[in-house]
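So the sequence lines, in the order shown, correspond to chains A and B.
For the first sequence, the working numbering begins at 1 and goes up steadily by one.
For the second sequence, the working numbering begins at 245 and goes up steadily by one.
What the hints contain is simulated information worked out from the structure, not anything from laboratory work.
Just to be clear, a hint being listed does not mean it is correct.
Each pair of labels, with its calculated beta carbon distance range [claimed, not checked]:
{"#": "1", "chain 1": "A", "residue 1": "P158", "chain 2": "B", "residue 2": "R483", "range": "47 to 55 angstroms"}
{"#": "2", "chain 1": "A", "residue 1": "K167", "chain 2": "B", "residue 2": "G503", "range": "56 to 64 angstroms"}
{"#": "3", "chain 1": "A", "residue 1": "V34", "chain 2": "B", "residue 2": "H292", "range": "51 to 59 angstroms"}
{"#": "4", "chain 1": "A", "residue 1": "A144", "chain 2": "B", "residue 2": "D416", "range": "22 to 30 angstroms"}
{"#": "5", "chain 1": "B", "residue 1": "L567", "chain 2": "A", "residue 2": "E29", "range": "48 to 56 angstroms"}
{"#": "6", "chain 1": "A", "residue 1": "E26", "chain 2": "B", "residue 2": "L360", "range": "22 to 30 angstroms"}
To spell it out: a stretch of chain A is covered by chain B in this simulated footprint if at least three of its residues, at any positions, have a beta carbon under 8 angstroms from a beta carbon of chain B; those stretches are [said to hold, decoys possible]:
{"#": "7", "segment": "7-20"}
{"#": "8", "segment": "23-33"}
{"#": "9", "segment": "159-172"}
{"#": "10", "segment": "196-208"}
Built from N, CA and C at the ideal position, the CB exists for glycine as well.
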Amino acid sequence: MKTRIGFFDFTGCEGCQLTVLNLEQELLELLELVEIVAFREVMSEPSGALDIAFVEGSICRREDRERLRSIRRRSAVLVALGACADNGGVNALGSDRGPELLRQQVYASDLAQLQTDPPQPLSAVVPVDYRVPGCPIDGPEFLAILQALLLKRQPALPDFAVCVECKLAEYPCRFDHGEICLGPVTRAGCRAICIDGGDRCRGCRGLIESPRTTPYHRILEEHGLSVDDILDQYRTFNLGEAKP
Amino acid sequence: MKIELNHITRIEGHAHLVIDRKQGVLKDCRLEIVEAPRFFEAMLKGRHFSDVAPIVARVCGVCSISHTLASLMATEQALGVEPNARDRLLRRLLSYGEIIQSHLLQLYFMAVPDYLGIPSIFQLLDSRRELVARALRLKRTANRICELIGGRPVHPVTARIGGFSVLPDAGDLKQLRQQLVAALPDLEATVELFAGFAFPEFSRASEYLCLSDPGRYPLHSDRFHSSHGFNAPVSDYRRHCREYLTAHSTAKFARTERGSYTVGALARLKNSFPRLSPMARKVAAVLAIDAQTSNPYHSLKARLVEVIHYVEEAIHGIDELLLHGLNGPLSRRMPSGGGRGTAAVEAPRGLLFHSYSYDRNGLLESADCVIPTAQNLASIETDLAAILPTLLDLPDRELRRRLEMLIRAYDPCLSCSTHLLEIDLV
Numbered sequence: 001m002k003t004r005i006g007f008f009d010f011t012g013c014e015g016c017q018l019t020v021l022n023l024e025q026e027l028l029e030l031l032e033l034v035e036i037v038a039f040r041e042v043m044s045e046p047s048g049a050l051d052i053a054f055v056e057g058s059i060c061r062r063e064d065r066e067r068l069r070s071i072r073r074r075s076a077v078l079v080a081l082g083a084c085a086d087n088g089g090v091n092a093l094g095s096d097r098g099p100e101l102l103r104q105q106v107y108a109s110d111l112a113q114l115q116t117d118p119p120q121p122l123s124a125v126v127p128v129d130y131r132v133p134g135c136p137i138d139g140p141e142f143l144a145i146l147q148a149l150l151l152k153r154q155p156a157l158p159d160f161a162v163c164v165e166c167k168l169a170e171y172p173c174r175f176d177h178g179e180i181c182l183g184p185v186t187r188a189g190c191r192a193i194c195i196d197g198g199d200r201c202r203g204c205r206g207l208i209e210s211p212r213t214t215p216y217h218r219i220l221e222e223h224g225l226s227v228d229d230i231l232d233q234y235r236t237f238n239l240g241e242a243k244p
Numbered sequence: 245m246k247i248e249l250n251h252i253t254r255i256e257g258h259a260h261l262v263i264d265r266k267q268g269v270l271k272d273c274r275l276e277i278v279e280a281p282r283f284f285e286a287m288l289k290g291r292h293f294s295d296v297a298p299i300v301a302r303v304c305g306v307c308s309i310s311h312t313l314a315s316l317m318a319t320e321q322a323l324g325v326e327p328n329a330r331d332r333l334l335r336r337l338l339s340y341g342e343i344i345q346s347h348l349l350q351l352y353f354m355a356v357p358d359y360l361g362i363p364s365i366f367q368l369l370d371s372r373r374e375l376v377a378r379a380l381r382l383k384r385t386a387n388r389i390c391e392l393i394g395g396r397p398v399h400p401v402t403a404r405i406g407g408f409s410v411l412p413d414a415g416d417l418k419q420l421r422q423q424l425v426a427a428l429p430d431l432e433a434t435v436e437l438f439a440g441f442a443f444p445e446f447s448r449a450s451e452y453l454c455l456s457d458p459g460r461y462p463l464h465s466d467r468f469h470s471s472h473g474f475n476a477p478v479s480d481y482r483r484h485c486r487e488y489l490t491a492h493s494t495a496k497f498a499r500t501e502r503g504s505y506t507v508g509a510l511a512r513l514k515n516s517f518p519r520l521s522p523m524a525r526k527v528a529a530v531l532a533i534d535a536q537t538s539n540p541y542h543s544l545k546a547r548l549v550e551v552i553h554y555v556e557e558a559i560h561g562i563d564e565l566l567l568h569g570l571n572g573p574l575s576r577r578m579p580s581g582g583g584r585g586t587a588a589v590e591a592p593r594g595l596l597f598h599s600y601s602y603d604r605n606g607l608l609e610s611a612d613c614v615i616p617t618a619q620n621l622a623s624i625e626t627d628l629a630a631i632l633p634t635l636l637d638l639p640d641r642e643l644r645r646r647l648e649m650l651i652r653a654y655d656p657c658l659s660c661s662t663h664l665l666e667i668d669l670v
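The task is simple: from the sequences and hints, build the whole structure.
Okay, here's the thing in structure tokens:
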């Protein structure tokens, strides 16, 4: 019997699910191995028990928490899909200001449907088994993680920094262009795609496990950046540690 | 009785439709947008202009290229920067790629199941594998445009203030051109497929808004116009497109002084029919659609006509790039200062406005984004209310299907719509 997988989304841009649909060349083969039983963007079928649930978006309302718990209950494995689900993502950018202030600034209204809590990653609500990092996710990395799950192996993420991939590809260092790049402490796996595109790393894949054990964090210190500066840069895609 | 369609599927984002009817009389019909609000404009406050486009791209995965371009253009306007002709052409190509990609996704993944009476295109894997393979092939080619010019299809990385940080390779562009030409038979088959569908009969003339670009089918421009008269600079958008909150939606709605209005493929096609490419006009004839159409279900046909038009335009655009060469400087210099700027692009779903104000250190003071779907919401509700009385004899199941098809014909993108809204500093 085919493995039953489902895609679900909460607060986010749906770009990670779109990245899955953009795997045009692999999708037909993939569908030989799995049965997609839920994917609201492209199908209208209710679903029962699931082998794997991929969940995109962050959680910021009571009904979201309930829905996520119900997805968790009927899924053997739950995977956080993308930065919003994994670490709050760009939704958390305003977390230092609180939803009350943001709501007043944007809507100037107290309508019930506009009430939200600060956006949280899935792991704040339910146990998350695995995660696919990035904003958006990397298509080939998603396939590798799904493949490992289908083979009943532990999917593993690279535990080295984007700097490694960047240097192997011989891209010019962004610091030489006078920019702050988070490549030295951000988890690899994206093939340094932003630096290849002439941009800098903005840290969407989150920190590596122990940034100080790798040589690369020194690049940041050499350019006069403090830990606070770096964490401040990280706030674009990552929920602040000490903040609610 | 009360009909509720919860979590309408095969649209981007989350919406409910609540219909209250009593003895054949429609009491209430409202489209509830239940997607959680994200307060994007407020989150941008205080950010440096160089960070704004990469952040607002995240408003929407499906139209991240349009958000990126509208954002860059508004910032460039504020700072007095103008990209060169080559980079403007590259931006057009990037938009073509996104629109073709988005339209194909809507046509094959969201609309085909409606017209073939199946829950998902994946149901056809065994019975009509060629159709699924064709959909994927076409989508791949469209995404290739986005990858080659933008670095990746979702949240592009190469477009920056002043132009681009990296240019595509001429050899890759030649290959892309071949791919686009090779896609023509697949497009013919797509036209044949859609020409065979029975579209529901329904007609309601709306007010249609799109950009206005003399001599060209609208895409990037500093003016916009209405089927009902006005032609104005995009910086006047707030005078013509008024936003308002409703009690049942997290997205703002919008209206002109005459009421609800429509943006998107149908509006562009109706307002600019003579400026379609020759091949696109031929396809329009085959699909029986022209500037007179006022059936919102025909938005699907308009999208397909546009796919043909943009593929043809993309081929010509690549030729032009190769002819004039890809040489010349990249936009390396980061401008400084601040100011106010407003820009608009035609996103796949229609008019998209971004407007910013920066202080003299280049930090964002206020932002306003008006998104296509938000502009269409009032029009969708008006259509639903107009069509419902004609459907009341249908069995529940069929009634639901017709209404869902009507909503999906607009290809609403609700992830986008729940962050429009301005920070008012006055």
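Structure-inconsistent hints, enumerated in ascending order:
3, 5 and 9
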